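Residue 82 in UniProt numbering is what sits at position 82 of the sequence shown, and the numbering runs on without skipping anything.
No false leads were mixed into what you were given.
SDA-like mimics (lysine to any residue), calculated; alpha carbons at most 25 Å apart, straight line: (1) 28 to 109; (2) 44 to 27; (3) 44 to 31; (4) 44 to 3; (5) 28 to 92; (6) 44 to 24; (7) 28 to 76; (8) 44 to 55; (9) 28 to 49; (10) 28 to 17; (11) 44 to 29; (12) 28 to 54; (13) 44 to 101; (14) 28 to 64; (15) 28 to 95; (16) 44 to 58; (17) 44 to 104.
Hints were generated in silico from the structure; no laboratory data involved. None of the values given here were measured: they were computed from a predicted structure.
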Amino acid sequence: MQAVLNVIGNRAAQPGWWGASIGSCCLKPWQFSCWLRTDPNRTKLLAVTDSDPQFRQALALAECLSAGDLEDLTCGSDHYFADGIEPLPIWADGRRPRCTIGRHVFYRCGLQGNEQ
1 MQAVLNVIGN RAAQPGWWGA SIGSCCLKPW QFSCWLRTDP NRTKLLAVTD SDPQFRQALA
61 LAECLSAGDL EDLTCGSDHY FADGIEPLPI WADGRRPRCT IGRHVFYRCG LQGNEQ
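The task is simple: from the sequences and hints, build the whole structure.
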């Protein structure tokens, strides 16, 4: 969870096509699948309440991100995908991952897609 927040924070730190704030980067269409109407997890996401411990953890981490106090576990990554998906996303082709955390692989592509 923290690593995904790190990606959002790294994008917000480089305003561009993906947004200029934490909120706009998070909600940018087609960037985070949980917001897609067809995503099976979207219904679960919208039904969560304050009584959910993972939601409370997410809020605490988001507060740290907003305050600039969230350690970056991703080595500056601004993209990620779930390990094992085929085919690889186009943006990952030919790139070396910065790190793997759990089942997610993290990359730094930059705004122009020209960073490694």
